Amino acid sequence: MSARDEVLARVRRAKGPDQPPPVPRDYRAAGTREVDLALFAERLRDYRARVRVVPADRVAETVAEALRERGARTVVAAPGTPPEWAPAAIRTPVGVADLERADAVVTGCRVAIAETGTIVLDHDAPDQGPRALTLVPDYHLVVVREEQVVAGVPDAVARLAGVRTQTWVSGPSATSDIELERVEGVHGPRTLEVVIASHMMGGTDRNDDSR
Amino acid sequence: MTFLGMPAGRGNLTGAPFPEAARTALKDAQLRRNLAKATTTIRAKRAGVVAELPDWAELRAAGAAIKDQVLADLDEHLVRFEEALTARGTTVHWARDADEANRVVTDLVLATGTEEVIKVKSMATAEIGLNEALAAVGVHAVETDLAELIVQLGNDRSSHILVPAIHRGRAEIREIFRRHMPGVDPDLTADPRALAEAARKHLRHKFLTVDVAVSGANFGIADTGSLVVVESEGNGRMCLTLPRTLISVVGIEKLLPSWRDLEVFLQLLPRSSTGERMNPYTSVWTGPTEGQTSHVVLVDNGRTATLADPDGRAALRCIRCSACLNSCPVYERTGGHAYGSTYPGPIGAVLSPQLTGVVENPTLPFASSLCGVCYDVCPVAIDIPSMLVHLRGRVTEAKRTTPESTAMRALAWVMSDARRWRRFTRLGKFGRTASRHVPLPGWSVARDVPRPPEETFRDWWEAR
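Top line first, the protein sequences correspond to chains Z and W.
Per our numbering, the very first residue in the first sequence carries number -10; after that it's consecutive.
Per our numbering, the very first residue in the second sequence carries number 163; after that it's consecutive.
These aren't lab readings, by the way, just hints derived from the structure by calculation.
Since the structure is predicted, the reported quantities are computational estimates derived from the model, not experimental observations.
All C-beta atoms in this analysis are idealised placements derived from N, C-alpha and C, irrespective of residue type, glycine included.
Careful, some of the hints might be misleading.
Have a look at the derived ranges for each label pair, beta carbon to beta carbon [what the hints assert, rightly or not]:
1. W:ASP269 <-> Z:PRO115: 52 to 62 Å
2. W:ARG265 <-> Z:GLU50: 34 to 44 Å
3. Z:ALA45 <-> W:ARG265: 54 to 64 Å
4. Z:ARG62 <-> W:THR248: 24 to 34 Å
5. Z:ALA45 <-> W:ASP190: 53 to 63 Å
6. Z:ARG153 <-> W:GLU182: 43 to 53 Å
Given only the sequences and the hints, what does the whole structure look like? Please build it.
Encoded structure:
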């Protein structure tokens, strides 16, 4: 008998005859909570991400400002990002060796979760690009549009059904393996910078940097 | 009973008997201090983030129920998962036990012609002893999780599910790096930042050049064929993304029926495990991605034997969060090595003996005070204390004649008859001598053997 048939036969012999009770889903499901943008920013900062909340029409200049402050010279952006975000960035597909030399990468995102400070990338979307893009460079700047922010994990999971390749990002790379002391930036980007494009902010000129 | 006769698991699931192995740990004051500090810190963090969710109890109940649903129809979920994976272009392999899983993976690796693979931290590959199997065919497996790297370079064993090097202090880690990490700065300090940076430099080149990666999976989604890996450092993303060939070793119990179920587990796991609202990185992939070749190896290795016991199968709900380790007073004093298995702590005490059969791991069900805190913190509500009691019964059943059981049976015979009992108690004088000379292994190690009285109560009563 093949390993497959044998393992399946064992499972059939081993499982009980009874059906367990149905899954109780009385936890806070998708669509039951309001989005709190301030909470999202706060949770991102808890993870030591850099956060700027700006009106939607000020995204381009905020991205430019962030890249200037970072001192980024070689900037790569996901091919489908709006050209006005980082106009000088490389938008053609680049190899890993080039990503190693890049100072910064700029992308959008698919969905973001306020309660956990999480940003989810859809790697089939042209404004988010292949997985190596947001992994190899040491600095990742991501633009989150307000309408992409959801309240909790169930809301995000609902929006992500059918998305084949995803990376959920909550703050910069981190480890706590040495005496449980948190150290940022082991292998992934050591700095995560988030520009939140808010509609509610109207014309207010708020450059809300965490540090 | 049905659970007898189902083939047991092999691999790194057994070690020295717990009481023996624990004795070494209990003498190590440094180890106990390291562990106490680490477990106290992480317990407090976990409690804080769990308290933030008003629906934690509901999530926990849902998590337990989803896993029970998976186990109740595991064959159907596995077949669906295989279909979804195959339809997307992933090659699916099956393995009855550790040896077969190792053979499948080593054959796949050898076929690529590589002499080195990079690895994402994976309990399943530690369980089957994959690194050793690869070494036997001349392939070096590089652990890329910082803690696993510390363990590997130090030629050591993991002692915790989540933080395998929890037993090591920063000074020890510096020494391990200075001695065993090629090209490391000899002036390396013991600052965790400097140590992490050294690991980053050491591994960067591997990530960019090694072309085959081996991973496990935290979850497999039966209806989509998606695999999910949850991690912190980005080493997982590196391994999953850059190599051209990806081989994922997945225990058959890792499935979730549908995509939606992740909404429960991505809340339960990070909060229970590292005490964070969310871990820094979660990777989800569905079929080969960006030109990769992808293989999935589905491993039984004692899981069906565990499934066959109605009173023990809930151990297969485990999502390897390690909350039970961090809460356990026994683990806190003995550390993970004492459990002798890839799976230490309370979950190890119920999982390992079931995977191997209790005969191979007879001391683990007794490695607990039954205080119940492991059950309280378990995000999928595994009733570990009741399961331990159940497994103790199975151990006793499996080992019907021990010196202890013989003595107990003899005592039962003596006590069932008043005259016999009276004559027996008069043997006190003899007993006083005998108790000093007759070894009672297994009893006298942990208990004081009482000295029988000079005169029995009955004799005293009648004589007054």
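So, going through the hints one by one against the coordinates:
no. : hint                              : in the structure
1   : W:ASP269 <-> Z:PRO115: 52 to 62 Å : violated, 38 Å
2   : W:ARG265 <-> Z:GLU50: 34 to 44 Å  : violated, 59 Å
3   : Z:ALA45 <-> W:ARG265: 54 to 64 Å  : holds, 57 Å
4   : Z:ARG62 <-> W:THR248: 24 to 34 Å  : violated, 46 Å
5   : Z:ALA45 <-> W:ASP190: 53 to 63 Å  : holds, 59 Å
6   : Z:ARG153 <-> W:GLU182: 43 to 53 Å : holds, 50 Å
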